[in-house]
Amino acid sequence: MGKTLYEKVWEAHEVRKLRNGQSQLFIDLHLLHEVTSPQAFGMLKDLGLKVRYPHRTFATVDHIVPTHDRREPFQDPLAQSMLEALRANTREHGITFFDLGSGNQGIVHVIGPQLGLTQPGMTIACGDSHTSTHGAFGAVAFGIGTSQVRDVLATQTLAAQKLKVRRINVEGRLAPGVYAKDVILHIIRHLGVKGGLGYAYEYGGSAVEAMDMESRMTLCNMSIEGGARVGYVNPDETTFRYLEGRPYSPQGEAWEEAKRRWLSFRSDPDAPYDDVVTFRAEAIAPTVTWGINPGQAIPIDGRIPLLEELPEEERPVAEEALAYMGFRPGQPIKGVPVQVAFIGSCTNARLSDLREVARFLKGHRVKKGVRALVVPGSEWVARKAEEEGIAEVFREAGFEWRNPGCSMCLAMNPDRLEGDELAASSSNRNYKGRMGSPRGRTVLMSPLMVAAAAVAGEIADAREVFGIAVR
Amino acid sequence: MLEKFTLIRGKAVPLRGEDIDTDRIIPARFMKALTFEGLGRYLFYDERFDEEGNPKPHPLNDPRYQGASILLVEAGFGSGSSREHAPQAIKRAGFRAIVGESFAEIFFGNATAIGLPCVTLAPEDLKALFQRVEEEPGLEVEVDLVAKEVRFAGHKAPLSLPEAAREALTQGLWDPIGELLEAGELLDAFDRKLPYPRRAE
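For the record, the sequence lines run as chains A and B. Counting from 1, position 24 in the first sequence corresponds to residue 43 in my numbering; the numbering is continuous, with no gaps. Counting from 1, position 120 in the second sequence corresponds to residue 495 in my numbering; the numbering is continuous, with no gaps.
Misleading hints may appear alongside valid ones.
[What the hints assert, rightly or not] Pair by pair, the computed Cβ-Cβ distance ranges are:
1) A:Lys69 <-> B:Arg439: 31 to 41 Å
2) A:Gly382 <-> B:Asp437: 51 to 61 Å
3) A:Phe346 <-> B:Pro438: 28 to 38 Å
4) A:Pro356 <-> B:Arg567: 58 to 68 Å
Rather than coming from a laboratory, the hints here were simulated on the basis of the structure. Glycine included, each C-beta is placed from N, C-alpha and C at the ideal position.
Just chain A, same shape as in the assembly (with noise of 0.2 Å):
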């Protein structure tokens, strides 16, 4: 009988089982931020104890940052009081940080993978949920709390329950115009954002395949949005490109060594799985949220459900989100005002995010009206977009090119919604007040989706505004 990958990893990491019968898991590489590590720090203090492997330990600075004015001292002495225990913390420890201005400063998740940190087989833990977007290169990446990063720090280890494994196939091919983000809208608007209590999310067939790894990261972030703690790829030819050559990935002789042993871990032909789940990827449509969570989401052309039209559990959160969002059930989403566009976030923040949006935004021009931000994932992000001219077509087009940070995502910063605002995001969250206004709405889609919102002033298709043909 074979096994699946997130099995091979567990065996090759499980030091012992503990005494309640969970294991204990040892961490390959542990990413922090400067959000829920403080804590962790003072508690490792109280208790006496050091970093134990500061060589697998690797910190950013990414939720408070400032993307407009990032001079010091910060406006907000918070901020600028956690950025400088995360400086401190990490020189007294010997921990490599990548501070602002260091050139490789951005959202943990983006720069973990882009550095060549993040690689096959390994556990990656990371005080973030969506630490699952690094399972889309075949690691079993997972967010955790406070108190595990004070475990992970002075132990590098955890106390871990083992998972069931869901394998979701994606079959077919994906229309132009249509993204690794909708499709994990899609599949969590099937699967609901409590299907996968319980599971880690094994992502494959044939449109996953042939995803970039940039993409496979959009697919593996939201995994968490859909109730799973972990979601991954298995490693291929792909993963393989996109690492050769990054920093930290492994050089020469190692490099053919790290290959063989990275296949290894792939999931075999008849591994077992708790459940099957197959979508057709030609029947995903620009998908779009119409809640207050990720589930609740419907294709671009679709209309917002009438109550009778939903399972019965799902009615009391639909009429609070209808109440909450000032839609009207049955209503269609298209055309809906919107008055911020923002591209960015853990989700789609990257290189090949802000490529694909240029090559349709040129020559358009954002609505009057919208407030249209593009915050780049990290300075490696955003240096590369300069040289490539991206940059330039989003300021000719009206969008502010900010500086890296997770931004409006989460509003740790000054970027947030005012007052009851609608935001077009292709960032992971639509929840009540996230975005910084305890009445500010977010509409989840994707990054091109997004710039079609900003050009029309409204809630739109891309494929529409921006002249794709449509199969």
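For chain A, the structure is supplied; the task is to place chain B on it using the hints.
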């Protein structure tokens, strides 16, 4: 020695709503802090207070539920972010247990690791408990982790809690760091064996 959680007894606050996410439990702007101290006052802040800071009608603002130690919730509680700030805020607001239909995984793990039991009841038992507590806000509720039941108004409803978490809580072993540290040199063997990112020369 850590506290042992065997029986939690007290008033319960009924908090209706499915899929309540951690952004609602504690909005991100209150996470700009270097410690978890004082987080209790920001629990469900945007649902409890308007933009001027005036209290809105909310079970947590209802004087009849003041001093409650048990939080009643529905399904999918704690979805979203991995912020431990969420269970920390609940614990620091005085709650000693959460009773619901289902919990998001990271939230559940975080809550357990700080000694905040999250137990589930069958939907019909949970419904009955909500109704009784809404009818009689001062009702005493008991969450018994040893007998594995929730008791209220003469009812005994069987509770579910993964055995590993239940043992950890009842035996005072809910913070695993002591046991993790015991692995000692075994860890060095893993560190030597498993490749890690090395900077290219």
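Could you tell me which of the numbered hints above are not met by this structure, giving the numbers in increasing order? 1
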